[in-house]
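K.L.:
Chains as they are written, first to last, in numbering that gives the first Met the number 0: chain L, 0 to 323; chain B, 0 to 323; chain U, 0 to 327; chain E, 0 to 327.
Be aware that a few hints might be false.
Calculated from the model, a selection of chain U residues having no Cβ within reach of chain B, i.e. all distances over 12 Å [unchecked claim]: (1) L7; (2) R19; (3) L115; (4) N133; (5) M185; (6) S201; (7) D246; (8) R253; (9) E282; (10) K291.
Partial list, derived from the structure: chain B residues whose beta carbon lies under 8 Å from chain U [claimed, not checked]: (11) Y33; (12) P56; (13) S87; (14) C88; (15) G122; (16) H126; (17) T294; (18) M302.
Keep in mind that the hints were calculated from the coordinates and are not lab data.
Glycine included, C-beta positions come from ideal geometry on N, C-alpha and C.
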Amino acid sequence: MKEITYLEAIKEAMDEEMARDPGVFVLGEDVGVYGGAFRATEGFYEKYGEWRVLDTPLSESGFTGAAIGAALVGMRPIVEMQFADFISCAFDQLVNVAAKNHYRWGAATPIVVRAPYGGNIHGGAFHSQCIEGFFFNVPGLKIIAPSTAYDAKGLLKAAIRDNDPVIYCEHKYLYRRIKDSIPDEDYIVPIGKARIAREGNDVSVITYGAMVHTALETAQLLEENGVSCEIVDLRTILPLDKKSILGSVKKTSKVVVLHEQTKTGGVGAEVSALLSEYCFDFLDGPILRVAAPDTPVPYSAQMEEAFIPQTKDVVAAVEKVMRY
Amino acid sequence: MKEITYLEAIKEAMDEEMARDPGVFVLGEDVGVYGGAFRATEGFYEKYGEWRVLDTPLSESGFTGAAIGAALVGMRPIVEMQFADFISCAFDQLVNVAAKNHYRWGAATPIVVRAPYGGNIHGGAFHSQCIEGFFFNVPGLKIIAPSTAYDAKGLLKAAIRDNDPVIYCEHKYLYRRIKDSIPDEDYIVPIGKARIAREGNDVSVITYGAMVHTALETAQLLEENGVSCEIVDLRTILPLDKKSILGSVKKTSKVVVLHEQTKTGGVGAEVSALLSEYCFDFLDGPILRVAAPDTPVPYSAQMEEAFIPQTKDVVAAVEKVMRY
Amino acid sequence: MDIKREDLLRLYYYLKLTRRLEDRVTSLYHQGRILGGAWTSNGTEAVSVGYGYALEKNDIAAPYFRDMGVFLIRGITAKRIMAQYMGKKTGVTGGKEGNVHIGDLNFGVFGFPSHLADNYPVGTGAALAFKIRNEKRIVAACTGDGGTSRGDFHEGMNFASARKLPIVFICNNNQYAYSTPLRLQMAIKDIAERALAYAIPSKIVDGNNVVEVYKAAMEAYDIARNGGGPSFIECKTMRMHGHSEHDSARYVPRELLEEWKKKDPILTMEKYLMENTIAGKEELDGIDSQVKKEIEEAEAFAEESPYPDSEDCLKGVYATPIEEERGI
Amino acid sequence: MDIKREDLLRLYYYLKLTRRLEDRVTSLYHQGRILGGAWTSNGTEAVSVGYGYALEKNDIAAPYFRDMGVFLIRGITAKRIMAQYMGKKTGVTGGKEGNVHIGDLNFGVFGFPSHLADNYPVGTGAALAFKIRNEKRIVAACTGDGGTSRGDFHEGMNFASARKLPIVFICNNNQYAYSTPLRLQMAIKDIAERALAYAIPSKIVDGNNVVEVYKAAMEAYDIARNGGGPSFIECKTMRMHGHSEHDSARYVPRELLEEWKKKDPILTMEKYLMENTIAGKEELDGIDSQVKKEIEEAEAFAEESPYPDSEDCLKGVYATPIEEERGI
Ligand SMILES: Cc1ncc(C[n+]2csc(CCOP(=O)(O)OP(=O)(O)O)c2C)c(N)n1
Ligand SMILES: Cc1ncc(C[n+]2csc(CCOP(=O)(O)OP(=O)(O)O)c2C)c(N)n1
Ligand SMILES: [Mg+2]
Ligand SMILES: [Mg+2]
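Could you put the whole structure together from the sequences, leaning on the hints where they help?
P.N.:
Structure representation (structure tokens):
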């Protein structure tokens with residue numbers, strides 16, 4: 000066991016998988032000599048050489064397409080987007096090539112696209128986006144979003160070994176802010192399974208990514224008021240772990256869905272719809288959503304704080320459903 | 000009054016707006032001499048010349064970006080995607096430039112992107128997609144999807160006059176299959192307002208696009224069984240007309256949401272979530288969704304029929320909520 | 000470069016097979032026996048036959064939709080293609096996809112995604128894998144003249160050249176992109192000029208001359224296979240049918256078609272074979288009979304094949320499905 | 000081409016203003032008084048000052064993020080820029096955006112979207128509008144060496160050339176894209192070679208010599224304004240700071256920096272002005288004092304400015320908001 004940060008967990012996952020499997024390689028902007036804009040591949044270039052840690056030209060569609068082609072002939076590429084926001088430039092390759100290869104003509108496309116996403120870092124509209132919404136309606140993709148260092152490592156390893164295209168949403172805000180004790184042995188966290196981040200009986204807070212920590216803070220605060228929150232950390236966003244979502248709500252009967260992504264068309268809408276569809280009889284009140292408002296991510300500290308859901312917002316929502 | 004098809008309605012809307020406003024022009028692949036893959040701009044080249052009906056190089060990002068730039072200096076470009084599916088190549092320009100210009104630096108971007116979308120034409124995964132899901136979580140865009148010839152014309156005119164980027168989802172299957180009587184005078188259908196396509200008391204079927212016709216068939220069939228369906232045709236998908244959605248369900252208390260788009264992360268999820276959030280006390284049963292399954296659009300007739308929601312599927316869903 | 004007689008006859012065979020297969024598809028389309036649309040490479044068959052035949056077994060083709068010759072040469076049978084066109088279960092994609100949206104890794108053929116030029120970066124990625132693994136395999140990726148205007152053309156070419164990858168980019172310059180003539184597509188005279196932007200060596204060949212295409216491909220593949228990096232081959236030809244079979248191509252000047260009709264790739268090859276006394280009329284007729292029979296069998300096979308089951312629609316979205324998903 | 004003394008002195012003034020403004024931002028960044036990151040054009044100011052100054056009032060600039068000179072020349076004041084950097088309400092974007100993500104249609108400056116080269120097609124569209132409306136206005140669009148690898152570079156250049164639009168494409172070739180050297184970015188020797196793919200005439204200029212950049216821009220603008228179509232100007236220069244101020248740029252060989260330090264654009268211009276007896280040291284010092292004062296005032300203005308209100312966050316998503324939306 001050792002304590003490592005979320006960022007170190009990501010790094011370790013890649014490092015171990017690259018050591019284990021010569022088919023695994025990393026490509027993207029500045030991942031080589033520089034070690035990546037966030038240092039996730041620091042030292043890799045020296046260790047694995049310029050053909051497994053490739054600095055690419057500035058061309059997201061080109062290098063994502065190349066990752067797909069390499070995957071089709073047996074490699075397991077990890078694509079680093081410098082910021083998740085730039086994934087928009089590779090949208091066509093991901094949505095029309097990677098996502099549909101297997102269905103259309105039976106070819107597996109085992110690529111992982113690492114997408115450093117999310118706000119709270121004064122990055123503005125182009126360095127803070129939550130990009131899961133771009134891909135959430137695209138069958139054939141898998142989307143994961145770890146909230147802890149433990150999961151960051153285990154899920155990334157699972158993604159690299161998975162045979163489908165996986166978009167790995169790593170929250171920039173968590174990189175150096177959270178730590179976990181990680182086993183020394185190899186482990187994976189399976190894709191498709193949510194996690195109960197905290198058990199509770201009164202209300203389910205369903206969330207993922209950095210907001211799990213906001214939810215945990217909420218739960219702690221509310222405990223003092225005698226409200227017991229269960230926190231479901233989705234971990235995998237596509238496909239959703241319906242069993243865990245429904246299971247928790249069948250127990251608590253009250254729900255708040257929480258995410259940093261903007262509200263309309265967010266993952267929370269789907270969670271809510273699943274509950275109304277499959278769990279209606281258990282519901283004891285409206286399904287509230289706490290999410291960013293429907294705007295681009297603003298830059299100034301004042302506006303960004305108003306934009307990103309805060310603990311007080313989640314407390315208010317939980318209190319509201321509890322009054323039901 | 001005269002009877003025109005859905006496709007003619009689109010054509011007329013463009014034609015009249017181009018005649019009215021010299022700032023309106025059309026660009027895209029084969030819109031000029033050829034008159035567009037679906038003939039929506041037939042005769043325009045002869046009438047308006049090669050500088051207002053521009054055959055572009057095969058480059059969706061390039062010509063969508065160009066439309067944005069032209070809009071920034073006062074033009075009102077209409078971009079034709081040859082098939083909606085190719086909009087993926089212009090994703091970055093739409094999501095990061097067009098959608099965010101006004102919020103970021105106060106510049107209006109009045110462009111309309113015409114997206115011939117949807118299936119039922121044996122087009123397979125690349126000529127049948129519903130693309131509204133790509134953009135549904137992107138604040139700053141407006142998305143509209145007419146189901147009738149009347150709305151097709153009125154909404155397109157409204158979109159051309161609107162100061163924001165509008166994605167206009169025109170359903171290919173409807174082009175020549177439906178007709179409407181259209182007033183001779185100029186009219187618009189306002190963006191942001193749903194329409195009650197049929198009044199009813201027992202259950203609300205909330206839908207848009209080609210599925211409105213499937214819903215109408217369902218309503219007719221069920222009327223014989225004494226079930227009165229109200230059909231809400233959303234018309235504008237982003238932003239949704241919450242008032243009309245909630246209004247209908249407050250009346251009927253039972254809901255089926257219907258769309259051709261694949262289920263997970265579809266517009267239906269948001270509609271459902273809005274209802275659970277703002278209308279929970281009125282709900283008299285689960286909110287069912289009838290939608291395409293989470294797969295790419297299959298090609299063969301057998302599979303495509305299984306993929307696209309059919310009247311029988313909607314009937315079954317309505318009967319299920321009615322049993323509640 | 001000397002080409003073996005046997006290879007010349009195979010090139011002729013594939014030209015004929017491609018032509019007759021697509022001609023038959025065209026007839027069936029007009030009889031309403033094809034599901035969806037029909038796209039052919041009519042008049043430009045020498046491009047795909049030439050570059051496809053030059054590939055070795057372990058190489059990869061990243062084709063576009065007028066590359067029927069490549070599909071056939073790599074081993075995707077006329078039977079499966081005909082069934083594909085009819086939306087049958089025995090089609091190349093089991094009915095999941097249609098017409099020319101074909102791919103099969105068993106034969107080293109990447110699927111064609113409609114989005115033109117997407118296969119330039121994808122092909123580049125396979126070449127990257129070969130370079131990483133130090134394998135002597137190469138990739139041939141193809142697109143149309145219109146496809147060269149896309150960003151993915153640029154990004155694929157640029158990446159391949161920056162890393163000197165073993166890939167050869169082919170362009171089927173048939174002078175039109177749907178209705179759009181070259182003049183509105185680009186300001187350059189030859190598409191080969193695009194390659195200058197990447198320091199990629201290029202060659203312009205007569206795209207109606209299969210021997211020329213084949214030779215140019217062989218040379219370029221050889222360079223790529225031996226570490227010399229990418230090349231670009233512009234094949235000048237002419238699309239003789241409409242964009243697809245529903246398009247009468249009224250926008251193409253008739254004289255242009257008349258002119259190119261005389262340069263038909265099959266006629267050109269017949270003339271070459273006979274003038275060089277490589278084969279006589281009888282032998283060529285024999286090949287043609289064989290081709291005819293093959294197409295008839297393919298059609299019969301396709302006709303008799305079952306349609307897919309509607310439930311197949313739900314299968315195959317993921318290579319590794321998530322078990323829990325099946326619960327609901 | 001003769002340049003008026005007055006213009007030469009303005010060029011000098013803007014070089015200085017750009018340098019001092021960004022130097023001050025750098026200091027403030029290291030003091031933690033800037034919100035978010037800080038990007039400067041240090042060492043490459045002659046590019047944006049040269050091409051920006053050559054524009055006429057009604058022209059459009061579609062810049063990228065190392066174009067501070069353009070922002071200033073067009074009329075976006077140092078005050079507003081400093082406030083922008085501090086995330087203040089008085090900043091160019093009212094706090095909605097940060098640092099160099101600046102645009103203002105009142106001054107004919109398109110906003111810079113982070114996604115590099117996006118402004119090539121966007122600029123092309125403005126040029127298209129001018130052509131459609133038959134206006135004698137032109138566009139200058141700029142990106143970095145790395146940006147030229149993007150698909151949008153290709154699609155913008157190609158469209159502009161196919162339609163002979165009045166736009167001039169500028170490239171700030173500062174030899175690095177973040178840490179990535181030209182060698183890994185492209186196989187060509189000069190970025191100007193990219194223009195060959197579009198039959199766009201190109202010119203390579205010393206990007207550290209503002210007079211050269213200005214002259215090349217004037218000539219190219221003139222061609223564009225008179226119906227001659229697009230040009231491409233490669234400005235060879237060197238990024239003297241890290242990619243942003245948090246980056247020490249250890250990956251850049253020190254000798255390279257030493258070599259380019261001698262060619263500093265401000266030194267170069269001072270030498271030019273003095274050797275040609277256009278201005279003496281005193282006059283230049285006078286300009287510098289004025290610049291210093293302006294920067295001090297800008298900083299004071301920014302410091303004193305209020306922060307935006309948190310509710311502003313909800314405003315301005317749409318130019319035509321939908322009333323009903325406000326119901327809930
Ligand atoms: C990105 C993209 N946009 C639009 C289309 C629709 N489309 C299909 S073929 C075609 C023309 C292709 O022209 P070209 O590349 O010259 O190939 P050709 O058909 O002439 O062989 C178009 C516009 C497409 N397939 N991909
Ligand atoms: C499409 C895209 N991908 C990635 C980035 C992140 N990024 C910001 S600047 C930069 C390097 C830019 O290099 P260059 O174009 O040479 O401009 P320079 O910074 O050298 O002026 C990168 C990769 C971006 N802005 N846009
Ligand atoms: Mg063509
Ligand atoms: Mg650079």
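K.L.:
Now tell me if each hint is right for this structure.
P.N.:
Against the structure, the hints:
no. : hint : verdict
1   : L7   : holds, 35 Å
2   : R19  : holds, 24 Å
3   : L115 : violated, 6 Å
4   : N133 : holds, 34 Å
5   : M185 : violated, 7 Å
6   : S201 : holds, 20 Å
7   : D246 : violated, 8 Å
8   : R253 : holds, 15 Å
9   : E282 : holds, 40 Å
10  : K291 : holds, 28 Å
11  : Y33  : holds, 4 Å
12  : P56  : holds, 4 Å
13  : S87  : holds, 7 Å
14  : C88  : holds, 6 Å
15  : G122 : holds, 6 Å
16  : H126 : holds, 7 Å
17  : T294 : holds, 5 Å
18  : M302 : holds, 4 Å
The earlier numbered hints that this structure contradicts are 3, 5 and 7.
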